[in-house]
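Spelled out from the first residue to the last, the chains are:
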Amino acid sequence: MARFPEYYTLWDRTGIYALRAVAGLVLFFLMAPILVIIPLSFNAEPFFTFTEGMLAFDSEAYSLRWYGSILENPNWLLAIRNSFIVGIAATILATTLGTLAAVGLANSAMPYRRLITALLLSPMIVPLIIIAAGMFFFYTRFNLVGTHLGLIIAHAALGVPFVIVTVTATLAGFDRSLYNAGIGLGASPMRAFRDIVLPIIRPGVISGGLFAFVTSFDEVVLVLFLAGPDQRTIPRQMFSGLREQINPTILAVATLLVLVSGLLLVTRELLRRRSDRLRGV
Amino acid sequence: MSAASVNTTPTSAPVEPGEPARAAYLRFTDVKKSYDQQVLVVKGFSLDVAKGEFITLLGPSGSGKTTMLMMLAGFESVTSGEILVDSVPLTRTAPYHRNIGMVFQNYALFPHMTVAENLGYPLKIRNLARAEVERRVGEYLDLVKLGDFGERYPAQLSGGQRQRVALARALVFDPSIVLMDEPLGALDKKLREQMQVEITHLHRDLGFTVIYVTHDQSEALTMSDRVAVFNDGVVQQCAAPNDLYESPSNAFVADFIGENNMIEGEVASLGDGTAEVRLKAGAVVTARIGDVTEAGEPCIISIRPEKLFIREDAPGYENEIEARFSVRHYVGDFIRYYYHLADGTEITVKALNDAAAPKVTVGQDSHLVWHTSDCFAFKPL
Numbered sequence: 000m001a002r003f004p005e006y007y008t009l010w011d012r013t014g015i016y017a018l019r020a021v022a023g024l025v026l027f028f029l030m031a032p033i034l035v036i037i038p039l040s041f042n043a044e045p046f047f048t049f050t051e052g053m054l055a056f057d058s059e060a061y062s063l064r065w066y067g068s069i070l071e072n073p074n075w076l077l078a079i080r081n082s083f084i085v086g087i088a089a090t091i092l093a094t095t096l097g098t099l100a101a102v103g104l105a106n107s108a109m110p111y112r113r114l115i116t117a118l119l120l121s122p123m124i125v126p127l128i129i130i131a132a133g134m135f136f137f138y139t140r141f142n143l144v145g146t147h148l149g150l151i152i153a154h155a156a157l158g159v160p161f162v163i164v165t166v167t168a169t170l171a172g173f174d175r176s177l178y179n180a181g182i183g184l185g186a187s188p189m190r191a192f193r194d195i196v197l198p199i200i201r202p203g204v205i206s207g208g209l210f211a212f213v214t215s216f217d218e219v220v221l222v223l224f225l226a227g228p229d230q231r232t233i234p235r236q237m238f239s240g241l242r243e244q245i246n247p248t249i250l251a252v253a254t255l256l257v258l259v260s261g262l263l264l265v266t267r268e269l270l271r272r273r274s275d276r277l278r279g280v
Numbered sequence: 000m001s002a003a004s005v006n007t008t009p010t011s012a013p014v015e016p017g018e019p020a021r022a023a024y025l026r027f028t029d030v031k032k033s034y035d036q037q038v039l040v041v042k043g044f045s046l047d048v049a050k051g052e053f054i055t056l057l058g059p060s061g062s063g064k065t066t067m068l069m070m071l072a073g074f075e076s077v078t079s080g081e082i083l084v085d086s087v088p089l090t091r092t093a094p095y096h097r098n099i100g101m102v103f104q105n106y107a108l109f110p111h112m113t114v115a116e117n118l119g120y121p122l123k124i125r126n127l128a129r130a131e132v133e134r135r136v137g138e139y140l141d142l143v144k145l146g147d148f149g150e151r152y153p154a155q156l157s158g159g160q161r162q163r164v165a166l167a168r169a170l171v172f173d174p175s176i177v178l179m180d181e182p183l184g185a186l187d188k189k190l191r192e193q194m195q196v197e198i199t200h201l202h203r204d205l206g207f208t209v210i211y212v213t214h215d216q217s218e219a220l221t222m223s224d225r226v227a228v229f230n231d232g233v234v235q236q237c238a239a240p241n242d243l244y245e246s247p248s249n250a251f252v253a254d255f256i257g258e259n260n261m262i263e264g265e266v267a268s269l270g271d272g273t274a275e276v277r278l279k280a281g282a283v284v285t286a287r288i289g290d291v292t293e294a295g296e297p298c299i300i301s302i303r304p305e306k307l308f309i310r311e312d313a314p315g316y317e318n319e320i321e322a323r324f325s326v327r328h329y330v331g332d333f334i335r336y337y338y339h340l341a342d343g344t345e346i347t348v349k350a351l352n353d354a355a356a357p358k359v360t361v362g363q364d365s366h367l368v369w370h371t372s373d374c375f376a377f378k379p380l
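Protein sequences appear in the order of chains A and B. Per numbering that gives the first Met the number 0, the first sequence starts with residue 0, numbered consecutively. Per numbering that gives the first Met the number 0, the second sequence starts with residue 0, numbered consecutively.
Everything labelled a hint here was simulated from the structure, so no lab data went into it. The reader is advised that the hints may include incorrect statements.
[Stated by the list, open to error] Residues from chain A that keep clear of chain B, each with C-beta distances beyond 10 Å, as calculated:
#, residue
1, 15
2, 27
3, 28
4, 30
5, 62
6, 84
7, 122
[What the hints assert, rightly or not] Example chain A residues on the side facing chain B (calculated, C-beta under 7 Å, incomplete):
#, residue
8, 8
9, 177
10, 179
11, 180
12, 182
13, 183
14, 184
15, 185
16, 186
17, 187
18, 189
19, 198
20, 199
We put the CB at the ideal spot given by N, CA and C, even for glycine.
Extracted from the complex, chain B is given alone in its bound form:
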């Protein structure tokens, strides 16, 4: 991980002791945005981005992630806070001098220009010689595998081809930062996965810095160096994809990223890194401390469905709970089992579809077991 330091919440600004103070390439300091001077859409965004990093802003719609992009691009003003690029405040630069490439959700290709003219436009503005413009346009068209499409108009292209043109146009003028606003949202699943791979390749080969906005978590997890999970105008957690999945910092992230079983309970006691939790269903289990702070407070524990096992005899597992089987969903590569706890909470168990896949009958009671290291105790949402 190349980032200097990560500040995930507006209130705390942890500075790692001993870490050398390195100026980040792109730095957001407590950025706030309000459209009506009353409601904050972005409530204090702080983040350091290293040069060449691929950062994704992930969140449900209306969480303020697109607004962040618009402020970076200069289409929206910054209400308060600061955005620095190479230690220079970005807001002092006019939007058309920022040298930031942007891929719009609807591609925003100029309909009256051919593909080649679209790509050549930023170069023409920069007064490049005609031969140089042609050379670069050709080079980038080849890069996105559209070498023969230069003379076509955007209306004559398919969605995936338009997407590539938009991508090439955002890269052709060597921007310092590339912004992508849900660029794959309008493509079908197969094309989307293909474009994800291509964008990852381009990023690796050309080394530009990316701020990517999406509400699709698999897209965020597969492509990014780090993902900032947005909700309600606040970054809930900013971490590498595996950290985000394996050690979420609060209940929102645990619930938003991937699938999770959320079981309500109450903190019985706090130990060193772990907490004893009395579940509403009765059992007492041990969980890693997420963000619970004191004994006696209500909490929820989260366990991923693939970390739960259906075992009658369970040596080696710290936790177990009694549950009643209700439905089995055959998905193909795995099987999903739905259980109910004594208090009615629904629990999902995911098991690989192999010879060891358990056979259960409706209404049967089973023991579900899991490791303490796979479950977390969080404050309820």
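Bound-form chain A, shown alone:
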């Protein structure tokens, strides 16, 4: 326990403890539903609750059977494949477009910057269901409903705002004289961007890309509207799994998703530290 300064009154101390308790509770409510899934996914019985054996830490009560059942079920395998195809393609598209947009919007000579920024960020704010409905009618005209391409474009549109936000934040700390130095040393604007700007803002680009990937990876509303049976993704499969096949396979998938998200977050943090070190912070 940290020592309090001597001038703290009893009330000050009580306040501090109360604050800590509330903060702890908030953290608990955020994390508990996620953490409880992990042990449950190793349940030997087809239940969604802790069995007596599990509570007694009986090794018989735990098993990997639900992880095995993912691999046996062609629906799950298709969903995993689709999730990665759509997620990666949408991420590449969103990262490229979002980075270019952020670089353009960072230029003070760009007219209507605020308006364009607001438009590009709107997918973050507009209710997803409205976007989904709009896209459904719009994509029908181009025969994009029920195709992988349609889903990729839709998910890229959702991912672009994240890339713009993170890249813009990185660009704010970018020293423009570095770009000028590159030009002065003989690099064309394109080359100076590739050799100097891009490597320096890379952490922002990658960070935005990870957000875009996660957005696509756990998105279900657009998939419900736009995807046919062939484009079923993991969240969509979980959604139907909850109602159709009541067994903890879904918990095993959820645990894997938590793992993937965790790895992405760690990657992001490592990249951030690396760039801080490079800049000599």
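Mind docking chain B on chain A? Use the hints.
Structure of chain B alone, referenced to chain A:
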């Protein structure tokens, strides 16, 4: 002095009769710059620079000197006027084809590249063979005494080392002109003086043309062939350091370069090269004509503190004035005496700290004497 001709003010363009018309290497003709199409930041800059010359643009901040560099480098557009390099308008060349080296105030080293990669970058762009790149990078690292630092990242270097890398990077690709924007501003005094010497050596050995921007006058005076004193977007005077110090062309330059006593008065009469000036404090003195033009106009005379002498009997000095002693500052190698004239104007006298250093007591009246050749009459600022 190798310059062909110097045009210091936008209004007059003196062409020396009899001087052969020689094309300058770098020529600015009435260059103007405005960021908002209303206020001119640079109000007509004209200057001829010879190849290999070291020119310093000196002025207070906001005087337009950095803007001049930015226009040369191509990071800012030229509002009007012309910049010629070898008689070819510079503005027709893209910034990345100008072959101008630049040392930025914050060095602008690429943080994601090692020192060697920073130096090699301009060479790589010019498609030099890898062996040639390595050879040149090594050569220039040695030149700035950083031979063992090639593999370090800029963040791992001290300020002075970064400064050297920036300098080497600006020189490594044989630029035709090197621009330096207050390159020593972030260094401490000792390191700054050391770098001044090194830059002077490099300039002498390699013979590149330098346009150097600074607000530090001692830096400007020690390093440059010529110094252009900027104020308010206009070049006040462009001359060799000793001319600038010994014969300033107006009150701004006299006040800005070094220390000067400025005493208010009025022109009594104009003679051949000299003017009789009636000081507000009462005395009538003779001064060289700076930029005063007619009798009766208000003026100020400038005298350097080291050109004033405290003497009771003063044979051989043309001018003298009565002043009351107030404070003495002991500086070390010299002593600074503060006096007041009858009208309250403060006068500083600088004397070497030797056996002849005068002894005065507070409130004592002294005679201050000086030569006419050491003082100038200027229009007030």
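_Hints numbered earlier in the text: which of these fail when held up against the supplied structure?_
Result: hints 8, 18 break, sorted rising.
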